[in-house]
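K.L.:
Given chain V, work out where chain F with the ligands should sit, using these hints.
One letter stands for each residue in the lines below.
2 protein chains.
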Amino acid sequence: MTHDNNTLHINAFLMGVGHHEAAWRHPRTEAHRVLDVAHYQELARIAERGRLDSIFFADNLAVGAYVKRNVHTVFEPITLLSAIAPVTEKIGLIATASTSYHEPYALARAFASLDHLSNGRAGWNIVTSGTEAEAFNFGYDAIPEHARRYARAEEFVDVAEQLWDSWEPGALVLDADEGVFADPGKVHAVDYAGERFRVRGPLNSPRSPQGRPLLVQAGSSEDGKEFAARHAEAVFTAQQTLAEGQAFYRDLKDRLARHGRAEGDLKVLPGLVPFIADTEAEAVALQQEFTGLISPDYALRQLSTMLGLDLTAYPLDRPLPPLPDESAVEGQKSRFTLVKQLAAGRELTVRQLIGELGGGRGHRTLAGTPEQIADDLETWFRGGAADGFNIMPPYLPGGLTDFVERVVPILQRRGLFRTEYTATTLRGHYGLAPVPNRFADAVPATA
Amino acid sequence: MTHDNNTLHINAFLMGVGHHEAAWRHPRTEAHRVLDVAHYQELARIAERGRLDSIFFADNLAVGAYVKRNVHTVFEPITLLSAIAPVTEKIGLIATASTSYHEPYALARAFASLDHLSNGRAGWNIVTSGTEAEAFNFGYDAIPEHARRYARAEEFVDVAEQLWDSWEPGALVLDADEGVFADPGKVHAVDYAGERFRVRGPLNSPRSPQGRPLLVQAGSSEDGKEFAARHAEAVFTAQQTLAEGQAFYRDLKDRLARHGRAEGDLKVLPGLVPFIADTEAEAVALQQEFTGLISPDYALRQLSTMLGLDLTAYPLDRPLPPLPDESAVEGQKSRFTLVKQLAAGRELTVRQLIGELGGGRGHRTLAGTPEQIADDLETWFRGGAADGFNIMPPYLPGGLTDFVERVVPILQRRGLFRTEYTATTLRGHYGLAPVPNRFADAVPATA
Ligand SMILES: Cc1cc2nc3c(=O)[nH]c(=O)nc-3n(C[C@H](O)[C@H](O)[C@H](O)COP(=O)(O)O)c2cc1C
Ligand SMILES: Cc1cc2nc3c(=O)[nH]c(=O)nc-3n(C[C@H](O)[C@H](O)[C@H](O)COP(=O)(O)O)c2cc1C
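Each protein sequence line maps, in turn, to chains V and F.
Under full-length UniProt numbering, read the first sequence as residues 1 to 447, first letter to last.
Under full-length UniProt numbering, read the second sequence as residues 1 to 447, first letter to last.
Bound conformation, chain V alone (with noise of 0.2 Å):
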């Protein structure tokens, strides 16, 4: 057992109107709200009443595979999260923005400016992009490989902390007898000369309640499990089997200490896209419905997409031509032999693949009572699988309100679950202690 507690942490990873692909087309759905700031900021509001620790929204740097069939994104996440702050309290907003096309010192300041706008409730996804579609929307040719895009957001992630410590605790004085705004020997130039960014600083912005933002990592690759060690204070990961998500946690516990972090530091946390009924019957026959409801030529896209490779013309109900190792791809490292994987070991055809892979592009998928969902959440958090989950409602908002009133009550009432929030900020929710500074901690601050 390595929590420092014994109850977990829970994210709700919103999108649309619904993980599931064909999510839209079904009618617990109302396609149009996918437009509708007013759609989000409820499910915020239902995220909340469940005492989660944080919502989170992806993104891409392109329109998704396929758009006659759905797109990934609408909204622009801290541009999103801004506009769902006014109307939640507690709640974290973690936002996903990636480090290969944007630059470090206007992402570490709108980091900041959610964070100051949230009152310390700002997370960031930190991701490297892993589609050739976004790399063609910031004039590349190609996708920049798989190692260069690490590197690179190393060396962000890097300024950015700089960045953000930029601004001592205290370096605000408002002394309005006196004239004095901030300390100047507390608001400190970073000058960062590393091989892609030279950067003056200071920040433009004094600091945040939290300092930094929540740093969130999903890559599951070696390379993405090193980074997420040095710098992720919790993970997404996409994980199929019990036996897997174990492999995986103490994986990515074990690194933690070469870089002179604690276990507790980092929090694991996979994602789970849970159909919840009355029976398990009624729960998978729900789940069979959005399945019927998947267009086989998006579906091929989206799959074509994860695994670099165009399967568009490929016959459905053979299983996957042959694949090549990892090693040989740049997009998105791990989600390619997770898929893979899924294919092999169940020998599944493409039609059946595309049916799992439907609810949430490669995340379990459990149908179940809510019972049985809390028991398998249970049964991972005990088992050393995760420190919390990543809960991926197929359909929105009834899959989110459906896990807030039935599965959350279970999971208060077995002692799992916080009952209120303890804590005001998002770093607070996830039991993490407050990010020391730099400056403020080399040199002691005089009066």
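By construction, these hints were calculated from the structure, which means they are not laboratory data.
Any given hint could be a false lead.
Which copy is meant is left open, because identical chains are indistinguishable; a pair holds if it fits in one copy or across any two.
[To be verified] Keeping only pairs whose Cα atoms sit at most 20 Å apart, straight-line, the calculated SDA-like set for lysine to any residue is: (1) K90 - Q41; (2) K90 - A38; (3) K340 - D402; (4) K225 - D402; (5) K225 - T424; (6) K225 - A423; (7) K90 - D36; (8) K340 - E263; (9) K90 - L35; (10) K225 - D265; (11) K253 - A58.
P.N.:
This is chain F with the ligands only, laid out in the frame that chain V set:
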């Protein structure tokens, strides 16, 4: 008379606890509110009560000239306006963002997102970033040349406009039965290949309510005016005298025809810093209180930044040293010339000059009764120097409240300003027609 109708437009330019550089030291403000999102939300609601067209936040991608005395900006404007959108209904939301240090795809998307979440109230003040400090935060050793910055701005806006058009109106189908999310024939790649940018598109956001944000611009150099004549729908400008205001207004309007635009397609909004009181003497005394709180060491640094010349060791009671011609300036050309002319025209010492600049960094300041302020606005409006005004309250919220409660009703009684909003979009408030879509216009949509 070139106005389409008889009413003027008002933008509230909001800055911290006031435009006056010493505002935070005056008892009419609470300095700590510069960091409080509720402060900015309150300002927006006050402006909306006054039926103003829009609010606007400036931005600089560097910490201010001298943090000991003040900072320019705290919040990033797009995130801040996203947090203001949910607590307002009608008022336009204009954010500054730089074309010199962002990527067009990401910025076009952020503005599309703001336009979606505000239901058509987004505006973009397009700036080229005129200070060296900003260049240092984005990998440059010196500020990129003025002409190059404007050339980049031109390409940047060109890409952005194409991206905003990449989803035709009606592209979103949402036909659940047929499984058609969007009509791929109405979602266009842009395949932009310019000197600086290569962007494939389409934008990862369906068309927003306004199609694109209102395009605002605030540079008054020759390059700046040409840029405005091509792209801007509203122009902020600092003009000190009615004659200068008239000349600028004419100059800009005369440029429009060459670009196939009508005079009404671009609204000219000179800035005004109003000190409002029951009597003129009280208003002047109030202004003097603020002037008395100026820290000369800060004002000299600000002046140095505006002139691109180190004046920090210069004697206060002498006139400015001889200044070069605008053509030698690579920073903010028109601001340089404005300050130079202001100092020379009125034979000011440096101390007097910094007093004059304290309220609005070169914008016109007027101390008077509500009637006097209204008279002045009417004179500029009827005199062909303005389509409306950029009101820059010297202290906040009080200076805005006074303007809304005391000056606006006079303008309304005179039939010069709306008493109710008649449009729902920002572009509508400014009396501008919706933007056509290049693809929809080129190829008529088929069923
Ligand atoms: C829950 C979860 C959410 C993710 N969200 C995003 C996202 O929003 N944008 C993105 O580009 N990648 C996202 N990813 C992908 C990862 O960031 C990463 O690119 C992918 O897992 C492959 O990483 P690897 O190459 O290190 O294996 C997500 C992954 C997971 C598990
Ligand atoms: C009302 C007003 C607001 C402005 N706001 C900004 C701003 O937020 N950020 C910025 O970099 N420049 C801002 N500027 C400066 C202009 O964008 C421009 O850089 C400056 O006027 C010099 O332009 P020029 O070089 O074309 O003369 C503003 C100017 C005015 C008049």
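K.L.:
Check K90 against L35 for me: Cα-Cα at most 20 Å, and say if that holds within a copy, between copies, both or neither.
P.N.:
Between copies only: 19 Å across chains, 25 Å inside a chain, cut-off 20 Å.
K.L.:
Evaluate K253 and A58 at a C-alpha cut-off of 20 Å and name the case that applies: within, between, both or neither.
P.N.:
neither (24 Å within a copy, 45 Å between copies)
K.L.:
20 Å Cα cut-off: does K225 pair with A423 within a copy, between copies, both or neither?
P.N.:
neither (28 Å within a copy, 52 Å between copies)
K.L.:
For the identical chains here, do K225 and D265 meet the 20 Å Cα criterion within one copy, between copies, both, or neither?
P.N.:
within (14 Å within a copy, 54 Å between copies)
K.L.:
Between the shortest in-copy and the shortest cross-copy C-alpha distance, which are at most 20 Å for K225 and T424: within, between, both, or neither?
P.N.:
neither (29 Å within a copy, 49 Å between copies)
K.L.:
First find the shortest C-alpha distance between K225 and D402 inside one copy, then the shortest across copies, and answer within, between, both or neither for a cut-off of 20 Å.
P.N.:
neither (33 Å within a copy, 57 Å between copies)
K.L.:
Check K340 against D402 for me: Cα-Cα at most 20 Å, and say if that holds within a copy, between copies, both or neither.
P.N.:
Intra 32 Å, inter 67 Å, cutoff 20 Å: neither.
K.L.:
With identical chains, the pair K90 and D36 could be close in the same copy or across copies; at 20 Å between alpha carbons, which is it: within, between, both, or neither?
P.N.:
between (22 Å within a copy, 17 Å between copies)
K.L.:
If the cut is 20 Å between Cα atoms, do K340 and E263 qualify within a copy, between copies, both or neither?
P.N.:
neither (30 Å within a copy, 62 Å between copies)
K.L.:
Within a copy, between copies, both or neither: which one fits K90 and A38 at a CA-CA cutoff of 20 Å?
P.N.:
both (18 Å within a copy, 16 Å between copies)
K.L.:
Regarding K90 and Q41, is the shortest C-alpha distance of 20 Å or less found within a copy, between copies, in both, or in neither?
P.N.:
both (13 Å within a copy, 19 Å between copies)
The earlier numbered hints that this structure contradicts are 3, 4, 5, 6, 8, 11.
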